[in-house]
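Colleague: Residue strings, one per chain:
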Amino acid sequence: MADAAAALLALAATLAVYAAARGLQRRLKSVWLHPVLVSIMVLIAALRVLGIDYEEYDRGGRILTFFLGPAVVALGLPLARQMEEIGRRGRALLLSLLAGAAIGTLSATLVAALLGASGPVVRSLAPRAVTTPIAIGIAERVGGLPALSAVVAIFTGVLGAVIGPPLLRAAGVRSRTAFGLAMGAAAHGVGTARAAEEGEVEAASSGLAIGLMGVFTAVLAPLVLALLERLGWLM
Amino acid sequence: MIGNRPDLRRAAHHLLGLLILLAFLWMGDAFARALRLPLPGSVAGMLMLARGLRMRWIPERAVRPAAELLIRNMALLFVPAGVGVMVYAGLLGREWLPILAGSAASTVAVLLVVGWMQQRMERGG
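Protein sequence lines correspond, in order, to chains A and B.
When the letters of the first sequence are read in order and numbered with this note's numbering, they come out as residues 4 to 238.
When the letters of the second sequence are read in order and numbered with this note's numbering, they come out as residues 2 to 126.
Pulled out of the complex, with its shape left as it was, chain A reads as follows (with noise of 0.2 Å):
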């Protein structure tokens, strides 16, 4: 009884901060006060002021983070509208997400790896473009930190979802579909948060990337970081 009032005590908590940092972000209008990263933050400074650790916090938490799984299929209903305008256009989003994979693994190893990131932290690193569920699942098979893997993703999901619009602007990116994709590709779920408030098409080739990143980066970093051990790169 006491457990399961503790845990709704935390999930209240969670809402109630989130709620507030999503006021917070609205009265200000900053792009970089990102309610995720807000709540995230005051959470944490809670939890160390209250003592309380982080097991007994994600009691409440992990009634949150079970949604996940519904949510990514969720994902399906954009998908299924926009089908007919992704079958038109399969070959050059299928070449595109792929090559996105390809360089979104390498490039986050490879730079952390030169920095003298030690392994488990490279290897953490090799989903980071990838949706926070799908990112925990590739985490576990290549020998990185699940926790810092999904931490990794919604850092730079808040990242991407704040500099991908202006930076795709500036790069002279006009195609609705490229804008979604580019933002599904590098921001997952934020990304594709932030690519629904400009459209449907965004939001459907946004939510699509997810997917796609996630199959091709689960199938791309187990070679990229068995590479970079090859070349010395990685213990």
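Read the hints as simulated data drawn from the structure, not as lab findings.
Quick caveat: nothing in here was measured; it's all calculated off a predicted structure.
Every residue gets a Cβ at the ideal spot worked out from N, C-alpha and C, and that includes glycine.
Keep in mind that a hint or two might mislead.
Partial pick of chain A residues on the chain B-facing surface, computed with a CB cut under 8 Å [stated by the list, open to error]: (1) GLY64; (2) GLY93; (3) LEU96; (4) LEU97; (5) LEU100; (6) ALA102; (7) LEU118; (8) ALA120; (9) ILE157; (10) GLY163; (11) ALA181; (12) ALA185; (13) ALA221; (14) TRP236.
With chain A fixed as given, assemble chain B onto it according to the hints.
Modeller: Quick look at chain B alone, frame taken from chain A:
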């Protein structure tokens, strides 16, 4: 409150949609495991749901309220996993630079590569 029919019906509608999504998640898990696919069950479930909706095996209006609620609030669902970073405070303190630099470089690279390639191929085709 119980007598408030529209509220009750809406809640039931959301619950039905959630159960359908969970069924597809379960099928996706089973499918990916049976075929030893490197892809997570949720992604297999997403592709199966899209197919089911296209073929009209699943009526769209049954899943739409739950699906749209989850998609709209997806960012919230990442928060508890993100709080998990506190477990790695020591590691982050030592290796924050390679982690930040690697993530940032990769984010910019993926945005530009995917955006440019897709736009160029659309124009070329």
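Colleague: Should the interface hint for A:LEU100 be scored as holding, given a Cβ-Cβ cut-off of 8 Å against chain B?
Modeller: holds, 7 Å
Colleague: Would the hint on A:LEU118 stand, with a C-beta cut-off of 8 Å toward chain B?
Modeller: holds, 4 Å
Colleague: Less than 8 Å between beta-carbons is the criterion; does A:ALA221 satisfy it with respect to chain B?
Modeller: Because about 4 Å separates A:ALA221 from the closest Cβ in chain B, which is inside the 8 Å limit, the hint holds.
Colleague: Does A:ILE157 hold up as a contact with chain B if the rule is Cβ-Cβ below 8 Å?
Modeller: Holds, because the Cβ-Cβ distance from A:ILE157 to chain B comes to roughly 5 Å (cut-off 8 Å).
Colleague: Tell me if the interface restraint on A:ALA181 is satisfied: Cβ within less than 8 Å of some Cβ in chain B.
Modeller: At about 4 Å, which falls below the 8 Å cut-off, the nearest Cβ of chain B leaves the hint on A:ALA181 intact, so it holds.
Colleague: Identify whether the interface hint at A:GLY163 stands, where standing means a beta carbon of chain B within less than 8 Å of its own.
Modeller: Constraint on A:GLY163 satisfied, holds at 5 Å.
Colleague: Minimum Cβ distance from A:TRP236 to chain B below 8 Å?
Modeller: violated, 12 Å
Colleague: Return the status of the interface hint for A:ALA102: holds when the least beta-carbon distance to chain B is below 8 Å, violated otherwise.
Modeller: holds, 5 Å
Colleague: Just to be careful: measuring from the Cβ of A:ALA185 to every Cβ in chain B, is the smallest value less than 8 Å?
Modeller: holds, 4 Å
Colleague: Would you settle whether the hint for A:LEU97 is holds or violated, based on the nearest Cβ-Cβ distance to chain B being less than 8 Å?
Modeller: With Cβ-Cβ at 10 Å, over 8 Å, it is violated.
Colleague: Is the interface hint satisfied for A:GLY64? The criterion is a beta-carbon contact with chain B at less than 8 Å.
Modeller: With a closest approach of 3 Å, the A:GLY64 hint holds.
Colleague: Less than 8 Å between beta-carbons is the criterion; does A:ALA120 satisfy it with respect to chain B?
Modeller: Holds - the Cβ of A:ALA120 comes within 8 Å of chain B, reaching about 4 Å at its closest.
Violated hints, listed in ascending order, are 2, 4 and 14; each of the other numbered hints is respected by the structure.
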